[in-house]
Structure formats: structure tokens, C-alpha cells
Amino acid sequence: MTPTRKRRLIVVSLVLVAVAIAAGLTALALQQNMTYLYSPSEVDAGHAPEGARFRLGGVVLEDSIARSTDSLKVDFVVTDRFHQMPVEYTGILPDLFREGQSIVATGAMQGDRFVATEVLAKHDETYMPKEVADAIDKAKDAHRVPGDTGG
Amino acid sequence: MTAASTWSACAALVRRDLILVWRRRGDALNPVLFALMVIALFPLALGPEPEVLRRIAAGVVFVALLIAGLLALDTLFRSDYEDGSLEQLVLSPHPLSLLLACKIGVHWLTTALPLIIVAPLLGELLHLPAEVRWVLVGALLLATPLLSLIGAVCVALTVGMHRSGMLLALLVLPLYVPILIFGAGACNAAALALPHAAPLLWLAAALVVALVVAPLACAAALRISLS
Amino acid sequence: MNILTLWFHKLGSPPTFYRIAGWLMPWCYGLALVTGVAGLYGGLVQAPADYQQGDAYRIIFIHVPSAWMGLFGYFFMAANAFVALVWRIKLSEVLAMASAPAGASFTFITLVTGSLWGKPMWGTWWTWDARLTSELVLLFLYLGVIGLYHAIEDRRQAARAAGFLALVGVVNVPIVHFSVNWWNTLHQGSTVRLFGPSSIVPSMLWPLLLMAIATHLWFFGTVLARTRTGLLEVDGGKDWVRRIVLADDAGPSAPAASERSHV
Amino acid sequence: MSDFLAMGGYGGYVWGSYAVFFIVLAIDALAPRAQRRRVLSELRGRLLRRRPRPTQVP
Numbered sequence: 014m015t016p017t018r019k020r021r022l023i024v025v026s027l028v029l030v031a032v033a034i035a036a037g038l039t040a041l042a043l044q045q046n047m048t049y050l051y052s053p054s055e056v057d058a059g060h061a062p063e064g065a066r067f068r069l070g071g072v073v074l075e076d077s078i079a080r081s082t083d084s085l086k087v088d089f090v091v092t093d094r095f096h097q098m099p100v101e102y103t104g105i106l107p108d109l110f111r112e113g114q115s116i117v118a119t120g121a122m123q124g125d126r127f128v129a130t131e132v133l134a135k136h137d138e139t140y141m142p143k144e145v146a147d148a149i150d151k152a153k154d155a156h157r158v159p160g161d162t163g164g
Numbered sequence: 053m054t055a056a057s058t059w060s061a062c063a064a065l066v067r068r069d070l071i072l073v074w075r076r077r078g079d080a081l082n083p084v085l086f087a088l089m090v091i092a093l094f095p096l097a098l099g100p101e102p103e104v105l106r107r108i109a110a111g112v113v114f115v116a117l118l119i120a121g122l123l124a125l126d127t128l129f130r131s132d133y134e135d136g137s138l139e140q141l142v143l144s145p146h147p148l149s150l151l152l153a154c155k156i157g158v159h160w161l162t163t164a165l166p167l168i169i170v171a172p173l174l175g176e177l178l179h180l181p182a183e184v185r186w187v188l189v190g191a192l193l194l195a196t197p198l199l200s201l202i203g204a205v206c207v208a209l210t211v212g213m214h215r216s217g218m219l220l221a222l223l224v225l226p227l228y229v230p231i232l233i234f235g236a237g238a239c240n241a242a243a244l245a246l247p248h249a250a251p252l253l254w255l256a257a258a259l260v261v262a263l264v265v266a267p268l269a270c271a272a273a274l275r276i277s278l279s
Numbered sequence: 121m122n123i124l125t126l127w128f129h130k131l132g133s134p135p136t137f138y139r140i141a142g143w144l145m146p147w148c149y150g151l152a153l154v155t156g157v158a159g160l161y162g163g164l165v166q167a168p169a170d171y172q173q174g175d176a177y178r179i180i181f182i183h184v185p186s187a188w189m190g191l192f193g194y195f196f197m198a199a200n201a202f203v204a205l206v207w208r209i210k211l212s213e214v215l216a217m218a219s220a221p222a223g224a225s226f227t228f229i230t231l232v233t234g235s236l237w238g239k240p241m242w243g244t245w246w247t248w249d250a251r252l253t254s255e256l257v258l259l260f261l262y263l264g265v266i267g268l269y270h271a272i273e274d275r276r277q278a279a280r281a282a283g284f285l286a287l288v289g290v291v292n293v294p295i296v297h298f299s300v301n302w303w304n305t306l307h308q309g310s311t312v313r314l315f316g317p318s319s320i321v322p323s324m325l326w327p328l329l330l331m332a333i334a335t336h337l338w339f340f341g342t343v344l345a346r347t348r349t350g351l352l353e354v355d356g357g358k359d360w361v362r363r364i365v366l367a368d369d370a371g372p373s374a375p376a377a378s379e380r381s382h383v
Numbered sequence: 033m034s035d036f037l038a039m040g041g042y043g044g045y046v047w048g049s050y051a052v053f054f055i056v057l058a059i060d061a062l063a064p065r066a067q068r069r070r071v072l073s074e075l076r077g078r079l080l081r082r083r084p085r086p087t088q089v090p
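So the protein lines, in turn, are chains A, B, C and D. Start counting the first sequence at 14; every next residue gets the next number (the numbering used here). Start counting the second sequence at 53; every next residue gets the next number (the numbering used here). Start counting the third sequence at 121; every next residue gets the next number (the numbering used here). Start counting the fourth sequence at 33; every next residue gets the next number (the numbering used here).
These are computed hints drawn from the structure, not numbers from a lab. Being a predicted model, the structure only gives us computed values, none of them experimental. One should not assume that every hint holds.
Straight-line C-alpha distance at most 25 Å; calculated SDA-like pairs for lysine to any residue [said to hold, decoys possible]:
hint: 1; chain 1: A; residue 1: 19; chain 2: B; residue 2: 59
hint: 2; chain 1: C; residue 1: 358; chain 2: B; residue 2: 279
hint: 3; chain 1: C; residue 1: 210; chain 2: C; residue 2: 199
hint: 4; chain 1: A; residue 1: 19; chain 2: B; residue 2: 97
hint: 5; chain 1: C; residue 1: 210; chain 2: C; residue 2: 359
hint: 6; chain 1: C; residue 1: 210; chain 2: D; residue 2: 55
hint: 7; chain 1: A; residue 1: 86; chain 2: A; residue 2: 104
hint: 8; chain 1: A; residue 1: 86; chain 2: A; residue 2: 41
hint: 9; chain 1: A; residue 1: 19; chain 2: B; residue 2: 260
hint: 10; chain 1: C; residue 1: 210; chain 2: C; residue 2: 277
hint: 11; chain 1: C; residue 1: 210; chain 2: D; residue 2: 37
hint: 12; chain 1: A; residue 1: 86; chain 2: A; residue 2: 101
hint: 13; chain 1: C; residue 1: 239; chain 2: A; residue 2: 68
hint: 14; chain 1: C; residue 1: 358; chain 2: D; residue 2: 68
Here chain A stands alone, though its shape is the one from the complex (with noise of 0.2 Å):
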């Protein structure tokens, strides 16, 4: 074997050892749970932190919000379809905050409420004009479909 050769069959074996280590070390962290947000489930569960900041993130249950009249202050349920979680927000909420919308809130436990300092909204990937969206809920509501409104 020519030297150059031999360099460039070490430098492949090389890469191919790297990337074999790599891919187990990877196979090995996405077996990990990497938690981005804590549904209301995970929460009752005791998973989240206590005392501490995180995400929680679920649905807005229907006819559960509750706007005060002389602040900011709103509270509502956020439910993952198993568990609910009443959460305690002051401020503006965004356009697409509706009951059954999915959203994102950021904030901590405060005994059994969920005080959040920010709610985000969700929406989801699907498109399509507001007779045709009335039109699909009018078809699950004639079969009993379990509404999937999560995003």
C-alpha cells in the first residue's frame, strides 16, 4: 500500500469509528425524555418541578375562562383531556387565545394553581376557510368523534 493510501485508509476508519461511537452515544440520548413542556397529566403526576419555572402546555377547557372586570387578571383550565390544571395569568392575551385552543404557558406551581407569566398560543398546521372547518365539527359531532382539537 502506498503511504497516501494508508493515510487515507486510517483517516476513513477513522470517521467511521467517530461516527459509530457518535450514533450510539445519540441512540443513547434520545432514550432521555427531553422535556420542552409539561402537560397537566405530567404535572398531577408529580413529574414537574416544584417551586420552579416551567412550561405547561394543553388545551383551553371549554367555557372555563374567567376574565375579572376591573384587571387584567384572567383564569382558566387548561386540561390535556385526562387531567386539568386551573391557571392564573394578568395580561394581554394573544388573538388566537380561545377555549379549545392549544397553548403554551410559562410560569410555576403556587399550591394547586398554576400562576403563569406568559401564555402563547399555539395554532396549528391546517389551513382551511370557516365553512369548511364548521362543515368537519358538524361531521364529528354526527359520528361522536372525540374532538382532537390539540395542535
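Dock chains B, C and D against chain A, hints included.
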């Protein structure tokens, strides 16, 4: 050219670089002093409340060390380029990537390792929670070699330029972003008592690949900018 | 095979490409304008309002095509840089550097329009979400490539160094694209899918696709324009460039003369 | 028409986005032209300096 002569060339290079650093050992402390001063600015700017400082401590230490390392990158090839020994290195019959790996290794030992050693102290200044301290050191041990390796490629691209400081930062910082996210992410997760192994494993995976690929890329970049 | 390589060599030679690009360029711009106007008519006038977002979603017709072009431009640049570095083809060097400003423009548009869309819909101008952050990093990568290219005196060496940087940064682009799938974040998933059904009704989809075609054509228009200039610059001393320069001199010389006096 | 311009209350955001889109792309299209003129005049200058042809110089 035999394998033995290549090893002795590497050893000679490492010895020479270490001697050069030892002759100017005062300069070697500069990154540490710089990081210390950056850290000292934060309580002055944000106020001394321990609660506030505790929350930002890990991230601030990470960013301070990252910038200190970025400023130190410039010295990697600067003097070698000026006295012409860099071109000798490129022309030598030994694999350039291996020689560059030695240079990067020495540079990491002399600039990044002191920073890692003082990192717990810097964290203490910002009331870093005790359980995060060793996660921070571990993340830095994985992240700083990555920073040096990736930075070396960019330094090699700008080596012939006269004023490369700002440009180097522009080239390097976007590539540093994922490392910062994972490294500081691990510390923040540890501070919230969340599982923090995943980001560290990602860093380790990236480091393994970079250890092999970055010296090769650095050699190619150096050949381009010295051609 | 032989004919193909011959044809490739012909196309790759700067004078031939200069001529072909000069012929193609107006077509790219013209067709981009036609499809763009049709797409905008479809998007702004014909398409119905969205069931959730009302009329604000109409930003999608420029935001999403621009985002695609930002990524596409980077891939185009990196692919050309790869060809340039491996086979040392002059045309590829010029093409790679010509696509950087166009890609950077589209990435900038993506960031600004996304911000203008995020404010009413999400409730924030900006969030440090994975996809937004990586789009910002993409813009920085573009700026780094452009900055490095302009910092080096020798044009060919500059193109090679900047192309190398573009290749180093290419790892970032898949992260941009797939981050939204890896991390569950605020940004919604991809609406238009190559495989499987797109979650958008046809009356909204066709203007979007028309706009995508228009931005592609526009991208190639500006890339060809910049490539022509770049070829003149790189081949400065060659005969074909001299002929073009002198021919241009013989034509409208008055504005050129005033240009020189300004400098 | 005013309904169209109002965009259901989102007019500022929508038209702002479109304005950014057109302005940036217009700059993107005009910049190569200016650059081309600059390069041509530069090359012409270099050419004339190196090989002065009295008949060609204006």
C-alpha cells in the same frame, strides 16, 4: 517517513508550543481574568439579589467562558503565521491534520482548561446551586474542546487577514449556538432537578465526531487560505 | 457519456455560461413576475379567510415560500461550494457566492414576516423557539459567508474560503428543518407535505405553490445576474471579457463616463 | 376595497409583511445591476491603463 517520525514530529510540536506558552505565562492568565471581569459585571448590572443571580448563573458562566475562549482563539495560529512556521507545518511531510490536532490540543490545555478550573469559583460568585456545579464542569469539559475544534476551522479560514477579530466572531458564533444551547440546557435542567443526561450525551456525540473531522477540516481550510 | 461531458464542459466555460445566463435572466425575472402576480391575486383576493386566523394567515403566501428559498438557497450554495472545492470549477465558485446574497435576502424576509405574523397570532414578536432560532442562525451563517468573501482580496481564494465555511455550516440546515419535529415547540408543523396529504385546502394551496414557483424563478434570476458580474470579475484579464467591456464602452458611453467621474 | 385593505383588522401586519417582501426583493434585484456597472467601469479602467489605445479612449 515512518509512523515513528510522525509521532516524534507531533511530540516536538507539542513541546515547542508548551515552551512558547510557558515563556509568556502571564498572557495565559488573560482569558481567566477576562471571564472573571465579565462575571463581575452581571451582579453590578442586575443587582445583587441571590435569587436573580442563581437563576442566570449557569448560563452566564457558560457565555463568559465561550467569549473568553473566542477571544483566545486568535492566538492559535497568529504567531506561527507571522514567523512563517505555519507554512513549514503545511509543507511538512507529516499529516497536517494530525499536527493541527496537536496544536489545537495544546491550545485547549492552555486556554480552556484554566477556565474550566475556575468555573466553579465563578459560579460561586453568582450563587450557583451546589447540585449544578459538577454538571457545569462536566458540560464545560465536553463543550470547550468542541468550541476549540470548531473555532480552529474558522481561524484557519481567516489566518491571512490583518484585522480578523470581528469577522472571526461573526463566523464562529453561529456555529457555537447549538453547543451553548445543549451545554447551558444541561445546567438549567439540573437546576430544575430535571433529567439532564440527554444534552450531555448529544455534546459527547458531537465531540467524538469533531475530534476526527475538525482537524481534517482545519487542514483543508488552512491550505485554502495559505494557497 | 462523452457528449454529455463535452456539453457540460461547454456550459461550464465562463463565456458560454455568461451568454446563456444573459439570455435566461430576463425569462426568469419575467416569469417570476407573471406567476408572482397570479399567486398574489390568488392569495390576497381569491383565497378565503382562515377559520382560525382570519385574514392574518395571508402572510403565509410570502412567509413560507421565502422560508423554502432561504433553505434552498443554502443548499444550492453549499452544493456549488462542494463542486468548486472538489473539482475546482470556476463557475461553481461564482455560482455559490452569487446565491449567498439572494438566500440571505429570503431568510431576512422570512424572519421579518414571521415576526409580523407571530405578533397577532401567537402574542409575541419573537420567541426563542427552536425553529426561529435556527432560522436566525441561518441568516448569521449567510452573513458570515458574505463577510468572509468580501474580506479576502483574491477573488478565487475568497470564494473557496467562503465556500468552505458554507459547507461547515451546512450541518445547521437539517437542524433548522427538522427541529420542529424534534422538539415540540410553538411553531406549527409543516403544512405542505411532499408525501401524504397537505393540511391546507386547495384554494389556499395553489396560490402558495404559485408563489413558491415565483420565488424560485426570482432567486435564479438574481443568481444569474450576480454570476454574470462575478464571471467578469474573476476572468478580468481574459479575451472574452475584454470584448464585452469594450463593446459596452462603444454603446452607451455617457452614463459610464459619469459613473467613473463619480468614483 | 377598504375591507380588502383592512384585512380583517390585520392590515398593518399583512401589508407590512408584503412591503418588506417587495422592498427586500427590489434591492436584491437592483444590487447586481449596480455591481455590474461598477465592475465594468473598473475593468475598462484597468484595460485602458494597461494597453492605451488612443482610438478607443473617449
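Here's how the hints hold up against the structure:
1. A/19 to B/59: Holds. Residue 19 of chain A to residue 59 of chain B sits at ~16 Å (cutoff 25 Å).
2. C/358 to B/279: 22 Å, holds
3. C/210 to C/199: 14 Å, holds
4. A/19 to B/97: 57 Å, violated
5. C/210 to C/359: Holds, at about 16 Å.
6. C/210 to D/55: 32 Å, violated
7. A/86 to A/104: 6 Å, holds
8. A/86 to A/41: Judged against 25 Å, a Cα distance of about 44 Å means the pair is violated.
9. A/19 to B/260: 22 Å, holds
10. C/210 to C/277: 11 Å, holds
11. C/210 to D/37: Judged against 25 Å, a Cα distance of about 49 Å means the pair is violated.
12. A/86 to A/101: 7 Å, holds
13. C/239 to A/68: Given pair residue 239 of chain C, residue 68 of chain A holds - Cα atoms ~20 Å apart, limit 25 Å.
14. C/358 to D/68: At roughly 17 Å apart (the allowed maximum being 25 Å), residue 68 of chain D and residue 358 of chain C satisfy the hint.
Violation of the numbered hints given earlier is confined to hints 4, 6, 8, 11; the remaining hints are satisfied by the structure.
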